[in-house]
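Based on the hints, put chain Z in the right spot on chain E.
Each protein sequence line maps, in turn, to chains E and Z. Just so we're aligned, residue 251 is where the first sequence starts under the numbering used here, counting upward by one. Just so we're aligned, residue 55 is where the second sequence starts under the numbering used here, counting upward by one.
These are calculated hints, taken from the structure and not from any lab test. Only true hints are included.
Here are the simulated BS3-like pairs of lysine-lysine, each with C-alpha atoms no more than 30 Å apart in a straight line:
id	chain 1	residue 1	chain 2	residue 2
1	E	K545	Z	K89
2	E	K280	E	K424
3	Z	K89	E	K445
4	Z	K89	E	K554
5	E	K554	Z	K85
6	E	K554	E	K429
7	Z	K93	E	K552
8	E	K424	E	K552
With the Cβ distance kept under 8 Å, some of the chain E side facing chain Z (calculated, not the full set):
id	residue
9	I462
10	L604
11	V609
Being a predicted model, the structure only gives us computed values, none of them experimental. Think of the CB as a built atom: it goes at the ideal place given N, C-alpha and C, for glycine as much as any other residue.
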Amino acid sequence: MNLLSNFLIPAGNLIMFAIGGVLIFLAIKKQYEPMLLLPIGFGAILTNIPGSSAIGEHGVLTILYEAGIANELFPALIFIGIGAMIDFGPLLQKPVMFFYGAAAQLGIFLTIIVAALLGFDIREAISIGIIGTADGPTSIYVASRLAIHMLGPISVAAYSYMALVPVVQPPIIKLLTTKEERRIRMDNRTEKVPKYVRILFPILVTLLAGIIAPVSVALIGMLMFGNLIRESGVLNKLSNAAQNELSNIITLFLGIAIGSTMTASAFLNQRTLLILLMGLIAFILDTMGGILFAKTFNLFRKQKINPMIGAAGISAFPMSARVVHRMGLEEDPNNFLIMYATGANVAGQIGSVLAGSIVLALFL
Amino acid sequence: MSEAVSKSIMIFLEGYPTTFLATIAFFIMIKLLMKSASKRNEE
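So that you can see chain Z by itself, here it is in the shape it has in the complex:
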């Protein structure tokens, strides 16, 4: 297997899950923001 192919597979195996992990962080961040907003509204 050429170096380019092995590197591209490594990028896939690391990069795609990392993209997902980052979006989990964004998801939690927005959820917390919106939760604090609705709490404020209730008050």
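With the rest of the complex left out, here is chain E:
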């Protein structure tokens, strides 16, 4: 066998090496979602080495893919860790924020229509629209159910735009709000949330969401299971394990297994560019939906809510809440929006899983 012939690498594979390299660069140099983008980038390189033993029937990446992505196991498990990390206290204190978390899912639904208009079939269109959940595991879960051949670009889009929230959201917020609106101060008085409320919350949310959309149980159920472990107060070891070991290990496997789907033939086409573009559109429309809802809601409220908080209704947690809080401080150094914005942000976490499940329920 002439090993020198191995150096004749097809151009498509070389381009994929470069794309993998760019993802690794963004992860290390720019710190854009490094936990996901670095493994995805390296997975893409491993996959595109001609004759790679990492993929194929006995390839380690293929085994990981079959074990955790094709059957939707990894995204569901990641939700246990996310649930254990989230403090729903700000939402329990300001439950009105739930509406903001729902409003900011607009981008999902509108992007599905745009994708369908661009010629994607309905399964693909839904998977693209779900990038607008601003929630990686939900995007992966839905894409692996409906359009697994597009999993690579969808995951890259979802995680890239989540990392780019501080770049994407501020111009839209400024465009849709006046200076006076951005300076609206919020009442930051807090109410103590009793422990039993914190414990009942994940159980009741699971029951309600499950009744509304049974398909949501796998995701909401795992999210709320993680949160119940956290709030129970008697499972600190498990809560820590879910937040750290479990999340880290699954994230590691998830990223590199997604990278294994990024073969040159599957990734290098016009549709990938369209998916990346529509992911951005979904994030923009989500932000617009949240802000416009907040402004409309204010028409009926005596005590106005700073409409920037609407933008935090997307699920990119906690990035979006921080962006809104920072913008509030820029307008008025004594305006602290963090509690409301965090409330909207964690509501967006529930809203995004719910919206994704409702879309699945309507389709399946």
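Just chain Z now, with coordinates in the frame of chain E:
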């Protein structure tokens, strides 16, 4: 209009309001929980 487009519009018209309705249910649930908590505190 293609089937995908009409289906996507149907998903929007049904899905977005349903997401809101679900959050209304969550809102009422939390309000009731917090109300019962403050009643307990008063007692």
